[in-house]
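Guided by the hints, dock chain B onto chain A, whose structure is given.
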Amino acid sequence: MTSLVLAEHDNQSIRKATLNAVAAAKKIGGDIHVLVAGHQAGEAAKAAAQIAGVAKVLHADAPHLGEFLAESVAALIVSLAKNYSHLLAPATSNGKNVMPRAAALLDVQQISDISAVEGPDTFVRPIYAGNALATVKSKDPIKAITVRTTAFDAVPAAGGSAAIETVTPPADPGMSSFVGREVSKSERPELTAAKIIVSGGRGMGSGDNFTKVLEPLADKLGAAMGASRAAVDAGFVPNDWQVGQTGKIVAPDLYIAVGISGAIQHLAGMKDSRVIVAINKDEEAPIFQVADYGLVGDLFQLVPIVVEELKK
Amino acid sequence: MKVLVAVKRVVDFNVKVRVKADNTGVETANVKMSMNPFDEIAVEAAVRLKEAGAATEILAVSCGPLACQETLRTALAIGADRAILVETNEELQPLAVAKLLKAICQKESPQLVIMGKQAIDDDSNQTGQMLAGLLGWPQATFASKIELAPPGAKVTREVDGGLETISIKLPAVITTDLRLNEPRYVTLPNIMKAKKKTLEILKPDALGVDVAPRLQTLKVVEPAKRKAGVKVADAKALVEKLRNDAKVI
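Going down the list, the sequences are from chains A and B.
For the first sequence, the working numbering assigns the number 830 to the initial residue and increments by one for each residue that follows.
For the second sequence, the working numbering assigns the number 6 to the initial residue and increments by one for each residue that follows.
Excised from the complex, chain A in its bound form (with noise of 0.2 Å):
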């Protein structure tokens, strides 16, 4: 039994995301090998051996893997699949993108965005919104599964020393190409990654106010900065700030929640934070229900207190 995660890296280094994927493979049991493709991505392969656990890094690399588009990359996989019992990507926007197609090319259903291992064929995994977890059992002779980071414990990027062996891609199959990324830029920790982060909702009002209202508490702390699908709606921040079913999934240690009400969909994406403020004018409000701590009152006079006691 072999599981081969696919790693999620920026060509030079490796993302965490795939410390998370791997811990995942460690619960299925068997050697571990990761597969990272790329293009010049020879340092990021070096760090992917690093990995504790992982005893084998495969490292593809061709100008077409560069940008990890699905079509070149669900072919790698593809190419690859017969030597392994499990393939694991993280349930990244690149896991998600590229493990379905590998899955069809392989005749399996995937086994998408698994919370638990119970065993090599058996697993946990969210549906509707994280309101309800099923235990899913796969009849496929390989397992392709993406796997939800927030569940897995990273296991640590150093300590291992894996062989890297290169392979060789299939041919570019030229059907896509990549044009251009905008990428958020911004000097806070990344969502998903974040130990402490300071989300906004409706309430705020405006985009404006994520500036002049939310941004000095997370400067305070050092947090990264997220919102509600509401305040994605109404334009007030960028989707990839999106906490919630239909964004991202995240669980830091502290979650500071402020004019959120507290949709299903918005709890889905964090409930499984370990302590949960709630900073709300409505004290029916739903978010009330799964935060530790919960300050009832207008929140344009409440955070900048917070930010003075903070300093203090």
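Hints are computed from structural coordinates only; laboratory data are not their basis.
Even for Gly, the Cβ is constructed at its ideal location relative to N, Cα and C.
Hints are not guaranteed to be accurate.
[Stated by the list, open to error] Taking lysine-lysine and the DSS-like style, the derived pairs with C-alpha atoms no more than 25 Å apart in a straight line are:
1. Lys252/B to Lys1141/A
2. Lys7/B to Lys1110/A
3. Lys159/B to Lys1024/A
4. Lys1110/A to Lys1140/A
5. Lys1100/A to Lys208/B
6. Lys1141/A to Lys236/B
7. Lys1100/A to Lys252/B
[To be verified] If you want the footprint, here are the derived chain B segments under chain A, 3+ residues with CB under 8 Å:
8. 20-32
9. 138-145
10. 155-164
11. 182-191
[Said to hold, decoys possible] Partial list, computed: chain B residues near chain A (C-beta under 8 Å):
12. Ala108
13. Gln111
14. Asp126
15. Asp127
16. Gln134
17. Ile173
18. Lys236
19. Lys241
20. Lys246
21. Val253
Okay, now just chain B, sitting in the frame of chain A:
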């Protein structure tokens, strides 16, 4: 250019779902059902392409029990031209749906398939990618902007940390993200018109597709409930709690 949109009937997003007492699934009897919100965005995207003169015909397809006709009628009311229901009472998993849609694509030869990035019931986020793979077509998932430029299309995608634009050749599969558009409200005259549009019903057997589930659901349970905590009196008390009790700052 013909556009195929795939739509799924799901428990309405406003319904608080309940796990069945016997832990076999989620209660769906006597629960309000609607079109999967992401699929509604897909139908809207197709209708806008037609309104812009880029698409000539919109075919809406759904797979599932007879009640999915209702979902297809909604798609027709938004502006799809005709509909196909692949009728079955079997549990359909994404791979099976992708195979059914592939068979229909082979019959109908659309140049573009648009569907939601995920259904809000099983949250799988697979069918579009699988269909593209099975057809050997390019895919553009999580789309927030579609610009048709035959023989290709430029699609902006919502990815971790920002936006990415790719160029794909047609035919292709596109899956929709939230910000692609805001679906219109269906008007009564359009609902009436939709009743007169063609809705064809097929069986999976007729398409030569084996839809047997590959995943067996052993049980469905409610997640552990989070206990509601305490209300604190003021900002000062909050910061004290976070410092001294929770020790998170």
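Hint check results:
The hinted pair formed by Lys252/B and Lys1141/A meets the criterion: a straight-line CA distance of about 16 Å does not exceed 25 Å. This hinted pair does not check out: Lys7/B and Lys1110/A have alpha carbons roughly 50 Å apart, beyond 25 Å. The hinted pair formed by Lys159/B and Lys1024/A fails the criterion: a straight-line CA distance of about 36 Å is larger than 25 Å. Between Lys1110/A and Lys1140/A the CA atoms are separated by roughly 24 Å; this keeps the pair inside 25 Å, and the hint holds.
Taking the CA atoms of Lys1100/A and Lys208/B, the gap is near 41 Å; set against the 25 Å cutoff, the hint is violated. At most 25 Å may separate the alpha-carbon atoms for a hinted pair to count; Lys1141/A and Lys236/B meet this at roughly 22 Å. The straight-line distance between the Cα atoms of Lys1100/A and Lys252/B is roughly 19 Å, inside the 25 Å bound, and the hint therefore holds. Chain A is given as covering the segment 20-32 of chain B, and this holds because 4 residues of the stretch bring a CB closer than 8 Å to a CB of that chain, at least three being needed.
Closer than 8 Å: that is the beta-carbon criterion, and the segment 138-145 of chain B has 6 residues meeting it against chain A, so the requirement of 3 holds. For the segment 155-164 of chain B, the stated coverage by chain A holds: 4 residues have a C-beta nearer than 8 Å to a C-beta of that chain, and at least 3 were required. By the rule of at least three residues with a Cβ nearer than 8 Å to a Cβ of chain A, the coverage given for the segment 182-191 of chain B holds, with 3 such residues. Annotation: interface hint on Ala108/B violated; nearest CB of chain A at approximately 14 Å, more than 8 Å.
Because the smallest distance between the Cβ of Gln111/B and any Cβ of chain A comes to about 15 Å, over 8 Å, the interface hint for this residue is violated. With a least beta-carbon distance of about 6 Å to chain A, the hint placing Asp126/B at the interface is held under the 8 Å criterion. With a least beta-carbon distance of about 5 Å to chain A, the hint placing Asp127/B at the interface is held under the 8 Å criterion. Checking Gln134/B against chain A: minimum C-beta separation of about 4 Å stays under 8 Å; hint holds.
Restraint check, Ile173/B versus chain A: the minimum CB separation of about 5 Å is within 8 Å; hint holds. This hint holds: Lys236/B has a C-beta 4 Å from the nearest C-beta of chain A, less than the 8 Å allowed. Contact between Lys241/B and chain A, as hinted, is supported at the beta carbon level, the nearest pair being about 5 Å apart and thus within 8 Å. With its C-beta approaching chain A no nearer than about 5 Å, Lys246/B sits inside the 8 Å limit, and its interface hint holds.
Hint status for Val253/B: holds, given a least beta-carbon distance of 4 Å to chain A, under 8 Å.
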